[in-house]
Amino acid sequence: MIELAAREGRRLENDAIGDSPLAVRGLTVSYGQKPAVFSVDMTVQPGAMTAIIGPNGAGKSTLLKAALGIVKPLSGQVTVFGRPLEEQRARIAYVPQRASVDWDFPTRVIDVVLMGLYRELGLLGRLRARHKARALDCLARVGMRDFADRQIGQLSGGQQQRVFLARALAQEADLYLLDEPFAGVDAATEKAIIAVLKALKQAGRTVVVVHHDLATVTDYFDNVFLINTRRVAEGPVIETFTADNLQAAYGGRLATAQVDQLARVLG
Amino acid sequence: MAGDWQRRKSTSWRACWADPMLRDALLLQLGYNATLVAVGATLLGISAGATGTFLFLRKRALVSDAISHATLPGICLAFLLMVALGGDGRNLPGLLAGSALSAWVGLLCLNWLTRSTRLAEDAAIGAVLSVFFGFGIVLLTVIQTLGAGRQAGLEGFLLGSTAGMLWNDALVIALGGAGALALILLIRRPMTLVAFDPEYAAARGVPVHRIDLAMMGLVMAVTVVGLKIVGLILIVALLIIPPVTARFWTERSDRVVLLSGLTGGLAGYLGAAISASAPNLPTGPIIVLVSFAFFALSLLVAPGRGVLAAFLRHTQFQRRVHLRQGLLALAQGQRIYEPLTLRLLRQAELVRADGVATDIGRARAAKALRDEKRWEIVRADQTQEAAAALYDGLRDIETVLTHDQIAEIDRRIGSPQEVPA
Numbered sequence: 001m002i003e004l005a006a007r008e009g010r011r012l013e014n015d016a017i018g019d020s021p022l023a024v025r026g027l028t029v030s031y032g033q034k035p036a037v038f039s040v041d042m043t044v045q046p047g048a049m050t051a052i053i054g055p056n057g058a059g060k061s062t063l064l065k066a067a068l069g070i071v072k073p074l075s076g077q078v079t080v081f082g083r084p085l086e087e088q089r090a091r092i093a094y095v096p097q098r099a100s101v102d103w104d105f106p107t108r109v110i111d112v113v114l115m116g117l118y119r120e121l122g123l124l125g126r127l128r129a130r131h132k133a134r135a136l137d138c139l140a141r142v143g144m145r146d147f148a149d150r151q152i153g154q155l156s157g158g159q160q161q162r163v164f165l166a167r168a169l170a171q172e173a174d175l176y177l178l179d180e181p182f183a184g185v186d187a188a189t190e191k192a193i194i195a196v197l198k199a200l201k202q203a204g205r206t207v208v209v210v211h212h213d214l215a216t217v218t219d220y221f222d223n224v225f226l227i228n229t230r231r232v233a234e235g236p237v238i239e240t241f242t243a244d245n246l247q248a249a250y251g252g253r254l255a256t257a258q259v260d261q262l263a264r265v266l267g
Numbered sequence: 001m002a003g004d005w006q007r008r009k010s011t012s013w014r015a016c017w018a019d020p021m022l023r024d025a026l027l028l029q030l031g032y033n034a035t036l037v038a039v040g041a042t043l044l045g046i047s048a049g050a051t052g053t054f055l056f057l058r059k060r061a062l063v064s065d066a067i068s069h070a071t072l073p074g075i076c077l078a079f080l081l082m083v084a085l086g087g088d089g090r091n092l093p094g095l096l097a098g099s100a101l102s103a104w105v106g107l108l109c110l111n112w113l114t115r116s117t118r119l120a121e122d123a124a125i126g127a128v129l130s131v132f133f134g135f136g137i138v139l140l141t142v143i144q145t146l147g148a149g150r151q152a153g154l155e156g157f158l159l160g161s162t163a164g165m166l167w168n169d170a171l172v173i174a175l176g177g178a179g180a181l182a183l184i185l186l187i188r189r190p191m192t193l194v195a196f197d198p199e200y201a202a203a204r205g206v207p208v209h210r211i212d213l214a215m216m217g218l219v220m221a222v223t224v225v226g227l228k229i230v231g232l233i234l235i236v237a238l239l240i241i242p243p244v245t246a247r248f249w250t251e252r253s254d255r256v257v258l259l260s261g262l263t264g265g266l267a268g269y270l271g272a273a274i275s276a277s278a279p280n281l282p283t284g285p286i287i288v289l290v291s292f293a294f295f296a297l298s299l300l301v302a303p304g305r306g307v308l309a310a311f312l313r314h315t316q317f318q319r320r321v322h323l324r325q326g327l328l329a330l331a332q333g334q335r336i337y338e339p340l341t342l343r344l345l346r347q348a349e350l351v352r353a354d355g356v357a358t359d360i361g362r363a364r365a366a367k368a369l370r371d372e373k374r375w376e377i378v379r380a381d382q383t384q385e386a387a388a389a390l391y392d393g394l395r396d397i398e399t400v401l402t403h404d405q406i407a408e409i410d411r412r413i414g415s416p417q418e419v420p421a
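Residue numbers (this note's numbering), protein chains in the order written: chain R, 1 to 267; chain D, 1 to 421.
Hints were generated in silico from the structure; no laboratory data involved. Watch out, some of these pointers could steer you wrong.
[To be verified] Covered stretches of chain D (in silico footprint by chain R; criterion: 3 or more residues with CB under 8 Å from a CB of chain R, positions within the stretch not fixed):
| # | stretch |
| --- | --- |
| 1 | 181-189 |
| 2 | 195-202 |
| 3 | 244-252 |
[As the list claims (entries may be wrong)] No more than 30 Å apart at the CA atoms, straight line, and that leaves these computed lysine-lysine pairs for BS3-like:
| # | chain 1 | residue 1 | chain 2 | residue 2 |
| --- | --- | --- | --- | --- |
| 4 | R | Lys-72 | D | Lys-373 |
| 5 | R | Lys-132 | D | Lys-59 |
| 6 | R | Lys-201 | R | Lys-132 |
Owing to the predicted nature of the structure, the values given are computational and were not obtained by experimental measurement. Idealized CB from N, CA, C, for every residue including glycine.
Put together the whole structure using the sequences plus the hints.
Encoded structure:
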């Protein structure tokens, strides 16, 4: 791995791991014999919003899951705020893809949000009024307070996504990792989510989002991480979100319509 | 027993009870063994119901079938070992330890097959279940040919045999069940989290694999302590039917656990009592049938998720749609062909028998058409997005908009005369 990095002219030891909220080094993940993510380095900037973008099957979600230890990488290191992942679990909030759970599960909206407090409650800690109040407050922040007692199966896709975000908010974490939060949600939900994420950034938290809508990248994010199995580019949106880098990441897979749209956005 | 009969005859409220034997069984009056069995079956039902809920929520209910069938080789090997060591092969704790050991091996095989090969879990369950059970049956046959006097009815573990249940057996069940319930209480939160959202659980540092193993360990414990009463073939019913029954009645996982334990315990108690009330009624299968009765009842009458409730909701909705369509057709002077629509309109006295609208019918029809026009305006209006989202073609507009808003819309439509009545 080190040889490879050297060949590519990168210097591992000089990378700014420091107190980066999430630093990934030489991460390779493979389902079977084909790597989904290959030797990826990523250094997330603190107090900023970063988008992970790339074509379908480029390993965006896999990168996130490996960084969180949900899937086991073949090789590579992950540090969170300069320390090993396992020591920093309490500081990370994860919002998985909506489709990853069964929405007919017997649970109410408020119960899902309270799951964000399980770590704090411990195994036998009693659920108190202040915990409920906190969960309700998180629901209010995503505009779902009135839905607290609903069964989760009754929610629309956008509402489900907001409940997942509320669960992450309840953790009061420092680093928020979201997997495609805007996929298949209505405009009102997208607006609500982005407002919450921007508020988190204002409060000094770090937000990393797996994102698929190239048209909104410049509006929503400070930094961008382009991936197509390998890292393509990483940096501030203004410098990194360029037509060349996008071409490198997407290759021929960028539809003409998308290119036109981007040409307008990028000017 | 003769004295019991005398006493039973003299009770004045005998008429309330169809069967005096059943009554005595329910009141735990049928003697020592029957009482032990009833208490044991109740405890087993409670712990199996609560344990099974998590399995059911994790969508791995059938794993319990593989685990329970995998107990058989262990029972037989333990018997052979104890006999070889010169002891009594029928020692229950020894047999149960053996069954637990081989169930654990079966579980590890199952886990390995699903995690490390491309085999799907259902295929792995089939493989483990049949191979372990087949091996167990071979061992059982060998034991039966060894020495007829000592085979000790190992085949009783297949479907349970409560005839010779002892105080110690009941104690094993009580302790095992209590242990299982205590463990459930301890790890209910991680188990719920893993069942609902395993990825989120993993991201939070919950050891998903170990929680799954603990859950399976619970299932194993319940299976092993249930061998004596329901046997290894039917224990799966006690693990699956109560949670499925409970799910009909609540939308909260913690209440599913409680209700499931409750129905499981009740089924165990009633089943044991019924089987004690007549000679030659097998305990385990009766318990399973009683819990099935609870399931069937819930399936039918549960509000919300029950079949009857769903049917009623559907018919009611259908009637509303037909009535609305009929009114709109009347308003526009169209002929109504649908028999159900006509029947509903007649029942509501909106049309006469010959199909001509009554006065009320004409008024309601005009109102329905006017509401359609009002909705049209609302839905075309960007500022009314929230109200427009509620449009379903059936809702009365008054339930969504205020009187003033409707008046404003009416002003835009024009005077009522322009609407064809």
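Do the hints match the structure? See the list:
1. Counting residues of the stretch 181-189 of chain D whose CB lies closer than 8 Å to any CB of chain R gives 4, so the stated coverage by that chain holds, three being the minimum.
2. Counting residues of the stretch 195-202 of chain D whose beta carbon lies closer than 8 Å to any beta carbon of chain R gives 6, which reaches the threshold of three, so the coverage claim holds.
3. Here the stretch 244-252 of chain D counts 4 residues with a CB under 8 Å from a CB of chain R, which clears the bar of 3, and the coverage holds.
4. Among the hinted pairs, Lys-72/R with Lys-373/D is inconsistent with the structure: their alpha-carbon atoms are about 59 Å apart, more than 30 Å.
5. For the hint linking Lys-132/R to Lys-59/D, the alpha-carbon distance of about 29 Å falls within 30 Å, and the restraint holds.
6. A threshold of 30 Å between alpha carbons decides the hint, and for Lys-201/R with Lys-132/R the separation of about 25 Å falls inside it, so the pair holds.
Of the numbered hints listed earlier, the single one contradicted by the structure is hint 4.
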